[in-house]
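Based on these hints, arrange chains B and C on the given structure of chain A.
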Amino acid sequence: MSPDLLYALAGVVLCGIGLFGFLLLEHLLRRLLAFNLIGSGVFLVLIGLAQHRNGPDPVPQALVLTGIVVAIAATALAVVLIRRYYHLTGHTSLADDGEAQS
Amino acid sequence: MNQWLMAGLLFTPLAWAALSLLLDFRQGRWLSWLGMLIQALVSLGLWVAVASNGGFYYALAGWEAPLGIALRVDGLAVTFVLLTAAVATACGLHAGVYLDPSKSWQRYFWPLFWFLWAGLNGVWLGADLFNLYVSLELISLSAVGLVALGGEAAALRAALRYLFAVLLGSLVYLLGVALLYGQFGTLSLTGIAAVVGADEPAAAMALLLMLAGLALKTALFPLHGWLPPAHGVAKSPVSALLSGLVVKASFYIAARLWLELGDRLGSHTLAQGIGALGAGAVIWGSWLAFRQPHLKQVVAYSSVAQIGYLFLLFPLTFAVAEPVSRLAQQGITLQVVSHALAKSAMFLAAGNLILSVRSKRVDALGGVSHYLPFSLFSFGLAGVSLMSLPPTGGFAAKWLLLQASLASGQWWWVVVLLLGGVLAAAYVFRIYRATFLEDRASDDFYHPPRSLEAIPMLLALLALGLGLVAEPVLSVLALPFEVAAEVAADVAVQP
Amino acid sequence: MSLSALLPILALLSSLLAAVVIFALPESSHRLRTLVNLLAALLKLGVVAVMTWGVFRGVDFSVSFTMLPGVSFMLRADALAMLFAGLSAVLWLFTTIYAVGYLEDSPNRSRFFGFFSLCVASTMGVALAGNLFTFFLFYEMLTLSTYPLVVHRGTDKSLQAGRNYIIYTLGGGVALLLGIAWLHGLAGDLPFQETGHFQGADPALHGQLTLIFVLLIAGLGVKAGLFPLHGWLPQAMVAPAPVSALLHAVAVVKAGAFGIVRVVYDIYGIDFAYALGLLEPLAWLAAFTIIYGSVRALWQTDLKRRLAFSTISQVSYIILGVTLFGPLGAVGGLVHLLHQGIMKITLFFCAGNYAETLGVHRVDELDGAGARMPATSVAFTLAALGMIGVPPLAGFVTKWALGAGALAAEMEWAILVLLVSSLLNAAYFLPIVYRLWFCPIAAPWPAERRWGRLETHAWLFWPPLVTTLMLVLVGLLAATFVSPLSWAQLIAVRMYLP
Numbered sequence: 001m002s003p004d005l006l007y008a009l010a011g012v013v014l015c016g017i018g019l020f021g022f023l024l025l026e027h028l029l030r031r032l033l034a035f036n037l038i039g040s041g042v043f044l045v046l047i048g049l050a051q052h053r054n055g056p057d058p059v060p061q062a063l064v065l066t067g068i069v070v071a072i073a074a075t076a077l078a079v080v081l082i083r084r085y086y087h088l089t090g091h092t093s094l095a096d097d098g099e100a101q102s
Numbered sequence: 001m002n003q004w005l006m007a008g009l010l011f012t013p014l015a016w017a018a019l020s021l022l023l024d025f026r027q028g029r030w031l032s033w034l035g036m037l038i039q040a041l042v043s044l045g046l047w048v049a050v051a052s053n054g055g056f057y058y059a060l061a062g063w064e065a066p067l068g069i070a071l072r073v074d075g076l077a078v079t080f081v082l083l084t085a086a087v088a089t090a091c092g093l094h095a096g097v098y099l100d101p102s103k104s105w106q107r108y109f110w111p112l113f114w115f116l117w118a119g120l121n122g123v124w125l126g127a128d129l130f131n132l133y134v135s136l137e138l139i140s141l142s143a144v145g146l147v148a149l150g151g152e153a154a155a156l157r158a159a160l161r162y163l164f165a166v167l168l169g170s171l172v173y174l175l176g177v178a179l180l181y182g183q184f185g186t187l188s189l190t191g192i193a194a195v196v197g198a199d200e201p202a203a204a205m206a207l208l209l210m211l212a213g214l215a216l217k218t219a220l221f222p223l224h225g226w227l228p229p230a231h232g233v234a235k236s237p238v239s240a241l242l243s244g245l246v247v248k249a250s251f252y253i254a255a256r257l258w259l260e261l262g263d264r265l266g267s268h269t270l271a272q273g274i275g276a277l278g279a280g281a282v283i284w285g286s287w288l289a290f291r292q293p294h295l296k297q298v299v300a301y302s303s304v305a306q307i308g309y310l311f312l313l314f315p316l317t318f319a320v321a322e323p324v325s326r327l328a329q330q331g332i333t334l335q336v337v338s339h340a341l342a343k344s345a346m347f348l349a350a351g352n353l354i355l356s357v358r359s360k361r362v363d364a365l366g367g368v369s370h371y372l373p374f375s376l377f378s379f380g381l382a383g384v385s386l387m388s389l390p391p392t393g394g395f396a397a398k399w400l401l402l403q404a405s406l407a408s409g410q411w412w413w414v415v416v417l418l419l420g421g422v423l424a425a426a427y428v429f430r431i432y433r434a435t436f437l438e439d440r441a442s443d444d445f446y447h448p449p450r451s452l453e454a455i456p457m458l459l460a461l462l463a464l465g466l467g468l469v470a471e472p473v474l475s476v477l478a479l480p481f482e483v484a485a486e487v488a489a490d491v492a493v494q495p
Numbered sequence: 001m002s003l004s005a006l007l008p009i010l011a012l013l014s015s016l017l018a019a020v021v022i023f024a025l026p027e028s029s030h031r032l033r034t035l036v037n038l039l040a041a042l043l044k045l046g047v048v049a050v051m052t053w054g055v056f057r058g059v060d061f062s063v064s065f066t067m068l069p070g071v072s073f074m075l076r077a078d079a080l081a082m083l084f085a086g087l088s089a090v091l092w093l094f095t096t097i098y099a100v101g102y103l104e105d106s107p108n109r110s111r112f113f114g115f116f117s118l119c120v121a122s123t124m125g126v127a128l129a130g131n132l133f134t135f136f137l138f139y140e141m142l143t144l145s146t147y148p149l150v151v152h153r154g155t156d157k158s159l160q161a162g163r164n165y166i167i168y169t170l171g172g173g174v175a176l177l178l179g180i181a182w183l184h185g186l187a188g189d190l191p192f193q194e195t196g197h198f199q200g201a202d203p204a205l206h207g208q209l210t211l212i213f214v215l216l217i218a219g220l221g222v223k224a225g226l227f228p229l230h231g232w233l234p235q236a237m238v239a240p241a242p243v244s245a246l247l248h249a250v251a252v253v254k255a256g257a258f259g260i261v262r263v264v265y266d267i268y269g270i271d272f273a274y275a276l277g278l279l280e281p282l283a284w285l286a287a288f289t290i291i292y293g294s295v296r297a298l299w300q301t302d303l304k305r306r307l308a309f310s311t312i313s314q315v316s317y318i319i320l321g322v323t324l325f326g327p328l329g330a331v332g333g334l335v336h337l338l339h340q341g342i343m344k345i346t347l348f349f350c351a352g353n354y355a356e357t358l359g360v361h362r363v364d365e366l367d368g369a370g371a372r373m374p375a376t377s378v379a380f381t382l383a384a385l386g387m388i389g390v391p392p393l394a395g396f397v398t399k400w401a402l403g404a405g406a407l408a409a410e411m412e413w414a415i416l417v418l419l420v421s422s423l424l425n426a427a428y429f430l431p432i433v434y435r436l437w438f439c440p441i442a443a444p445w446p447a448e449r450r451w452g453r454l455e456t457h458a459w460l461f462w463p464p465l466v467t468t469l470m471l472v473l474v475g476l477l478a479a480t481f482v483s484p485l486s487w488a489q490l491i492a493v494r495m496y497l498p
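Protein chains in written order, with my numbering: chain A, 1 to 102; chain B, 1 to 495; chain C, 1 to 498.
Chain A with its partners taken away, still in its complex shape:
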């Protein structure tokens, strides 16, 4: 087992934990953090697996860089929306459906 593969496996574990949180948590900020956790896991898999198979490779590094930028943008958007939603309704989760319909 190479260290690269270890990274990849750690990435898979992170994805799992993140997915768990994403599906089960209700608080919007926690879900957002869980999303970031999945993201980091995927990036680790992307780099680790590629380097494990093909040796040092600049391409995944460049990809992950782009991926991080995208993730930051998504996180920023989500934070803005969550904050505004909290201001308007006082809720921190989407669970209580019927109330905000009106």
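Don't read these hints as lab results, they were simulated from the structure. Bear in mind the structure is a predicted one, so any value in this text is a computation, not a measurement. We put the beta carbon where it would ideally sit given N, CA and C, even for glycine. Take these hints with a grain of salt, some might be off.
To be verified - Taking beta-carbon pairs under 8 Å as the criterion, some of the chain B residues facing chain A (in silico):
#1 141
#2 145
#3 153
#4 159
#5 160
#6 161
#7 178
#8 181
Just chains B and C now, with coordinates in the frame of chain A:
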């Protein structure tokens, strides 16, 4: 010539997005009118160029893959580019009149609109999996922004649900990309297709992940929960964009993946399973559409149902004869195009009807036909295409899919196709029926401006006419394309 | 583009464009709308007349283009097409005139006449369709364009009727689409041709072809009001009288019957359909529908409902004629397509006149109406006698030809059906005629209106009289070469002697 067209196509939306960020809504509108004109002309020019000379590959700014961005410009891609130009221009023009410029947040409409357009073009033309991911994210984020534009709690709630769904979908897709890159060391779809073998469980797993992520983003049953609130609550032009184009982007990637890799990485069970989910979407979505009390919710659930048809592509192209597969691909392409036109027409018309009767409810429509609003006709015509009755594009699509199902002996999809048409008739005629009722107490009726009424009519007529000119449209898809050279180049890049 | 390709398109466009123009006109411009309507109807009549003359001389009017891979949109005028096109062109003119009078001062006229023209455009398309695919195109367009006419009044009752109409016809459309798509998968694009396509087909396909035939007939039978698919027809009577006239005499039921004629003769081919054993069950079904419709008509107290059940019965004459194996039966069935149209439209015009002028809807309120409205009542009486089959009116010619056909085909039971049906026709029509002329007025009319000199509004007065004249003439002149009978013989000759 092609260089200039490509530059215009890709550069304009991004430049316009940046520029309009600096302007308020009214100034942005002027700017965007110019931009839409440029985009429409460039898209048309590119379509004509490809239709006469065939497809080509284009490396953005001369940087070759894998670090640069390679674009694949073929018949299917330019058809969708042109479709995007038509629908987005219509929605943009409509939004310019429909949205109230006095609200301060409306100024963000134009930047989001242009980012969305840029992302869509990126998806249609993208040739490698990672750039497709970036384009998808660009689409998703701007679409979420557009949904949230109203700023009310309901819109924010819908936008957040939408955001979480599409983010999860993107990451699952990206995980699949990571696995594929780890396996093959290339991101080019044709490159992977050239080297992939039949028995590769890791690659099959990757394909499954990518399809699952994309299915979530396309709102395939039973992952459709986020779509109706988002499409129903957004402003009408936004709903039209989302239903007409945005969901098609992720489906388009799924379809490309399947057509390139499905024959080796897919399985009979997977193909039939995805088809079954599509069938479930058709039936469940139609039923829910029939039950909705609000007009726009009916239209939104109808999108869930119509998206279901698209996934019949998977069983109808798996392990079937080449002509049958081609019939199915043509049918699905027509379904995408006709649904995009009809559904955006329907959303825009529904928005006008809601303005007219000042209520979102279906049963408030009683006696609307009395006032002979143009929008009702547009709505009706678009409905004919959704019911896939002749001579609309929806009918042409259904006919081809019927032929493909019959020719491949998969008669159960015939049942789904026919039943779907009947169910669509049920929810569309429910609306017609409501408009013919003559016991409306109040005569309170507002006539929307003519320009608002003309745009959905044009889109609906396009959906109608598509059925009559389906043959020339489809012939562009079947253009010859130099794949061999590109595959060779890609294989050479591999370490 | 040559003239022979232009004319079928013109025949379609004349009413299609009229529909577009009418939709675009504001509600209040009644004169202009009427003018557009009448000009379009006259133009169409002229085009159809020219084409009929051309077809008689053997000119081939056709136009086609590829619509989808392997499928073409095809318009073609053969003798059979012109029979139906001629019927709808002539009757459209009179129905338009009638409808203008009938709907005077009522709301939503722009919508009404727009869809009315669209409906006739679809009928023309059904008539001129050159292959099964194009036929289906217009057949479904017809469904859609008649729905707004059926629910025109916007009452709960008419919406209910519209709902049933749509359920029946779209359901039929699904069966038809499945049949056509399946047939296309087996045999490719199928243009209508006089001897059919399946002469000498592979015996292995016979099972599938039989199943497809059942699907096609089921799909077409809905519009033709074939038992047990007729349920929508009596309900659709809530529509305004010109719509009922259009549905019953010209467009909808005739499109169904015409489709059955096309499938039997021009797709399967009469010999092959006979060889497959498909005609006999269809003949029995048609015979049963004839009797059933007549029996049900006996018990209807509402005038229009009685006429509706009469339609169910009469349209099946056409189907019966088609299934009688032999040219004579074919002549009877085909000529009835036209004769029934003329007679039934007269009856509906008269029923509408009674309703509009006197407010009478029920049979037992008609007592003494002959004295108040003599011209209308004469028209009604003659049409009713024609339906019964009294010589020398139109219905007699049909029944004579059908009887001769049954004898020639050695299906004597069909003559019995004709006789029983004629007796039943007499049983439900003669009491009305008796009430019109021989009963004194029992009570004042429910809602009498006066329009100047004539017994009713002039636009309502003339159309039934003209169609009555026609139904007398087609009977009297049946033996001459200008009659529908000779035209039907021309079709039968071309069909049986290729």
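Comparing the hints with the structure gives:
1. Because the beta carbon of residue 141(B) sits about 6 Å from the nearest beta carbon in chain A, less than 8 Å, this interface hint is met.
2. With a least beta-carbon distance of about 7 Å to chain A, the hint placing residue 145(B) at the interface is held under the 8 Å criterion.
3. Interface restraint check: residue 153(B) against chain A, minimum CB-CB distance 4 Å, threshold 8 Å, status holds.
4. For residue 159(B), the suggested interface contact is upheld, since its CB lies about 6 Å from the closest CB of chain A, less than 8 Å.
5. This hint holds: residue 160(B) has a C-beta 5 Å from the nearest C-beta of chain A, less than the 8 Å allowed.
6. Among the interface hints, the one on residue 161(B) holds; its C-beta lies about 6 Å from the nearest C-beta in chain A, closer than the 8 Å criterion.
7. Restraint check, residue 178(B) versus chain A: the minimum CB separation of about 4 Å is within 8 Å; hint holds.
8. Evaluation of the residue 181(B) hint against chain A yields a held restraint, the C-beta minimum of about 5 Å falling below 8 Å.
Checked against the numbered hints above, the structure violates none of them.
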